[in-house]
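S.K.: Chains V and S supply the protein sequences, listed in that same order.
Following the working numbering from start to finish, the first sequence increments by one per residue and tops out at 322.
Following the working numbering from start to finish, the second sequence increments by one per residue and tops out at 322.
Worth flagging that the hints you see were computed from the coordinates, not collected in a lab.
Remember, it's a predicted structure, so these values are computed and weren't measured experimentally.
All clues stand as given, with none of them false.
What follows is a set of in silico ranges between Cβ atoms, one per label pair, in the way DEER data are often shown: (1) 188/V - 261/S: 50 to 60 Å; (2) 157/S - 258/V: 40 to 50 Å; (3) 262/S - 137/V: 26 to 36 Å; (4) 258/S - 294/V: 22 to 32 Å; (5) 289/V - 250/S: 46 to 56 Å.
Okay, the calculated bits of chain S under chain V, using three or more residues with CB under 8 Å as the criterion: (6) 164 to 173; (7) 213 to 226; (8) 299 to 306; (9) 310 to 320.
Ideal Cβ positions, reconstructed from N, Cα and C, are used throughout, including at glycine.
There are 2 protein chains.
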Amino acid sequence: MRSLHTALVHYPILDAQGGIVTTAITNLDVHDIARSSKSYGCESYFLIHPVSAQRELVERIQGHWREGASAKRIPDRKTALAIARVVPSLEAMFDSFGGRSGVELWATSARKEGMTITTYAEARTMLEGEGKPVCMLFGTGWGMPRSILDACDRLLEPIASHASDYNHLSVRAAAAITLDRLFGDG
Amino acid sequence: MRSLHTALVHYPILDAQGGIVTTAITNLDVHDIARSSKSYGCESYFLIHPVSAQRELVERIQGHWREGASAKRIPDRKTALAIARVVPSLEAMFDSFGGRSGVELWATSARKEGMTITTYAEARTMLEGEGKPVCMLFGTGWGMPRSILDACDRLLEPIASHASDYNHLSVRAAAAITLDRLFGDG
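Based on the provided sequences and hints, a complete structural model is requested.
M.R.: And the structure:
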């Protein structure tokens with residue numbers, strides 16, 4: 137089985153008008169996606185943010201749950217937050233894998249001309265085999281720009297339901313669902 | 137296809153020591169579970185809370201996204217929050233279905249002696265057919281007490297992954313995954 141990692145991108149990110157922005161760290165993104173990542177066997181959860189004060193915020197949250205009063209109240213949380221790793225850029229994340237060639241980048245994307253989309257059934261089979269670690273990228277804000285999707289090695293089909301045309305999941309929900317589709321027993 | 141509804145229970149709820157408590161409304165529970173519910177075609181998302189000041193908080197959040205500055209910034213959010221309904225108790229929720237017999241209550245549960253557990257494959261088939269509306273209950277805090285599980289018409293298997301023994305999903309993640317397993321295209 138290949139090792140799976142998650143990453144939450146805060147820059148470069150699209151805003152509502154299609155411009156490129158940096159989004160702020162959200163406390164519950166740290167907690168929820170760390171808990172989901174750990175529950176589906178991910179080895180690390182990267183929070184990618186170019187601003188050092190924002191990276192320090194994540195480290196303070198981790199410290200609070202590792203050593204603070206909350207560590208006693210909910211000891212399980214420490215285990216999830218321990219896999220969270222804060223890095224300034226995608227390039228810095230690649231260093232953890234020995235460089236860009238040491239990891240496969242995956243993301244979900246709406247189907248666009250000229251792009252091959254992988255189904256979740258195909259992706260599950262790929263993860264069961266041997267190969268490089270896989271890092272599943274998730275975007276904050278209005279999602280990741282084309283430049284990041286173009287840099288991915290594989291694009292998975294977007295999450296959808298036959299029961300609704302409305303499709304505006306939070307990134308916390310989208311990450312949980314993606315992990316369940318890749319590694320869940322359902 | 138049967139109609140699906142979600143409900144988030146804030147009382148009676150278990151605390152870490154197994155006692156019965158009332159939990160506080162969390163802003164992102166309102167948003168995330170409304171967005172997930174709407175994205176999977178649910179007709180309503182009930183927030184069950186016995187304290188009127190907490191119920192008013194949900195109504196203020198809804199108003200802010202229906203009429204406030206945020207309504208212009210993210211118009212899609214209004215559509216999701218419009219299905220949120222705040223009620224003081226399970227009994228008050230039953231009234232929306234013409235009484236207890238007008239709805240089937242479902243929840244997830246770890247397998248316990250003397251209980252029949254439904255798989256997600258079975259549940260999907262049940263939802264495709266004809267029948268009463270189904271309301272999927274989710275618990276805050278440390279989960280719902282046995283008294284609520286005993287009152288359910290059907291218990292689904294707990295969410296699990298073969299990739300991990302750690303299993304501490306947020307309720308926002310658990311709700312998203314459950315809806316995807318019931319109505320997703322994955």
